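Let the hints inform the model, and build the full structure from the sequences given.
Protein chains: 2
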Amino acid sequence: MPQNDAPFLQSLSRQKTVTAICQAISGWITQGVLTHNDRLPAERILSEQFATTRITLREALGQLEAQGMIYREERRGWFVSPPRIIYNPLQRSHFHAMAREQGRKPDTEVLDAGEIVAPDAICAHLDLPAGGRVFCIRRVRRIDGRAVLYVEHYLNVAFFPAILQEDLTSSLTELYANRYGIRYGKVRFDMLPTTFPLAASQALKVADNSPALFITRINRDQYARIIDCDLEYWRYDTLHISVEAE
Amino acid sequence: MPQNDAPFLQSLSRQKTVTAICQAISGWITQGVLTHNDRLPAERILSEQFATTRITLREALGQLEAQGMIYREERRGWFVSPPRIIYNPLQRSHFHAMAREQGRKPDTEVLDAGEIVAPDAICAHLDLPAGGRVFCIRRVRRIDGRAVLYVEHYLNVAFFPAILQEDLTSSLTELYANRYGIRYGKVRFDMLPTTFPLAASQALKVADNSPALFITRINRDQYARIIDCDLEYWRYDTLHISVEAE
DNA sequence: GAGTGGTCTAGACCACTGG
DNA sequence: CAGTGGTCTAGACCACTCC
Chain A
18 MPQNDAPFLQ
28 SLSRQKTVTA
38 ICQAISGWIT
48 QGVLTHNDRL
58 PAERILSEQF
68 ATTRITLREA
78 LGQLEAQGMI
88 YREERRGWFV
98 SPPRIIYNPL
108 QRSHFHAMAR
118 EQGRKPDTEV
128 LDAGEIVAPD
138 AICAHLDLPA
148 GGRVFCIRRV
158 RRIDGRAVLY
168 VEHYLNVAFF
178 PAILQEDLTS
188 SLTELYANRY
198 GIRYGKVRFD
208 MLPTTFPLAA
218 SQALKVADNS
228 PALFITRINR
238 DQYARIIDCD
248 LEYWRYDTLH
258 ISVEAE
Chain B
18 MPQNDAPFLQ
28 SLSRQKTVTA
38 ICQAISGWIT
48 QGVLTHNDRL
58 PAERILSEQF
68 ATTRITLREA
78 LGQLEAQGMI
88 YREERRGWFV
98 SPPRIIYNPL
108 QRSHFHAMAR
118 EQGRKPDTEV
128 LDAGEIVAPD
138 AICAHLDLPA
148 GGRVFCIRRV
158 RRIDGRAVLY
168 VEHYLNVAFF
178 PAILQEDLTS
188 SLTELYANRY
198 GIRYGKVRFD
208 MLPTTFPLAA
218 SQALKVADNS
228 PALFITRINR
238 DQYARIIDCD
248 LEYWRYDTLH
258 ISVEAE
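Residue numbers (my numbering), protein chains in the order written: chain A, 18 to 263; chain B, 18 to 263.
It is worth saying that the hints were derived from the structure and are not from the lab.
Because the structure is a prediction, the values reported are computed rather than measured.
Here a beta-carbon is modelled for each residue, glycine too, at the ideal position from N, C-alpha and C.
What you were told as hints is all true, and nothing was included just to trick you.
Residues from chain B that keep clear of chain A, each with C-beta distances beyond 10 Å, as calculated:
{"hint": "1", "residue": "L51"}
{"hint": "2", "residue": "T52"}
{"hint": "3", "residue": "N54"}
{"hint": "4", "residue": "D55"}
{"hint": "5", "residue": "T69"}
{"hint": "6", "residue": "H111"}
{"hint": "7", "residue": "G131"}
{"hint": "8", "residue": "A141"}
{"hint": "9", "residue": "D144"}
{"hint": "10", "residue": "A147"}
{"hint": "11", "residue": "P178"}
{"hint": "12", "residue": "A179"}
{"hint": "13", "residue": "R200"}
{"hint": "14", "residue": "D238"}
Derived DSBU-like pairs (lysine-lysine); straight-line CA-CA distance at most 30 Å:
{"hint": "15", "chain 1": "A", "residue 1": "K203", "chain 2": "B", "residue 2": "K203"}
{"hint": "16", "chain 1": "B", "residue 1": "K122", "chain 2": "B", "residue 2": "K222"}
{"hint": "17", "chain 1": "B", "residue 1": "K122", "chain 2": "B", "residue 2": "K203"}
{"hint": "18", "chain 1": "A", "residue 1": "K203", "chain 2": "A", "residue 2": "K122"}
{"hint": "19", "chain 1": "A", "residue 1": "K222", "chain 2": "A", "residue 2": "K122"}
{"hint": "20", "chain 1": "A", "residue 1": "K222", "chain 2": "B", "residue 2": "K33"}
{"hint": "21", "chain 1": "A", "residue 1": "K33", "chain 2": "B", "residue 2": "K222"}
Here it is as structure tokens:
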């Protein structure tokens, strides 16, 4: 029997099984059969529906994932991606305000926070001598309950005495302004698509090979002093970067 | 026979076959056994070397691809990724200069160029009434011989009479300045990770499901008039975006 | 025409989630 | 503990590239 004989949808168009599955599932999504954060049927069910194997079905799911149409949660299943968040990394970061302005529900969890000897890369970013000390705050941030961002903040200790005693679940931007009189000035950011490092994939409960958007922000205050830097790992289907120059 | 009995490297550490393969191959690359744009051995050879199946081997290659460590050319094989290009989308685009400054060899091919009725999305970007006419230039750009960017330029016809008669393989930026006295001013750009559309994947000869970085730039001139927009599709392992605010 | 990657089949066991 | 996704086996044919 030729391999491509029967499978679903191919009676009409001579296309690949994987393509046919992608079109069918994205049709469900665009036509509203499935909506944001809905869970897809189990892989075995789907592979049966499409008269194919799980391997082939997973190939199709992987492509929809790459398009940002669906996402997966480790060992829990596949879900329909919600709309992307519009993010301007040049603006003074304000995760909660940004999310709320776009009609979404933000949430922040502090994984841990402490004073540490800065890794060399961080010293370079913050213009500190090697072996300098920094506050390190690791947080997970959610949109509508879905963990989308793992971030490590490294703060120059000189500017923020006793900040670890503060409530770190809210906006650092506000804390800087209200408690220390420090406002964000110039920002530099670097961004590259890659995969999650282990710490991030565990915190976000995604497969450790999932694609991610890695963004480094180096922030200065109103006097152009480097005050902190952020290493941000975003689920890569959550963001729409939008930047307007001055 | 238990599935995980023999495969390569697992005698020492109890890790997944896929992980072991990824580590081995990335070791070859970091240790210089393979360098930029070198071709990897055939999949069948590799799967034999690692005592596994092609499916499993391809899973590993897919992960290295997601990390940006290797890339593939449709039906030709797998290759070691060269270093990323550093790109600041806020700067007046200048592909050739950018590449040369970073010690790379740029190259541009014009696929086609003509005057067309602008799609609605383009009219919105250029602030034109629906059905407005634009020049459309489609190009493929290479770095060190590797096709990395498929771009569609849409120019407001009012600003660039007879531009289609010019040499379009070189920099549009220079052409604008030298021939029309138009310089880039403010830029807006939007960026989202997704996959290549068909036209782009064919032009770049990549699998049509490959991940891509989709960047839209809307460019104004020195008088803040919108003069053109670019739809850029980059191989996503080629770029390191770096932006410094004013 | 030989060899390569692209696609697909038809199963299996394991580790974890969630009731 | 049932069910799910994660991982893996051992093959096969096709379409294309390159010699």
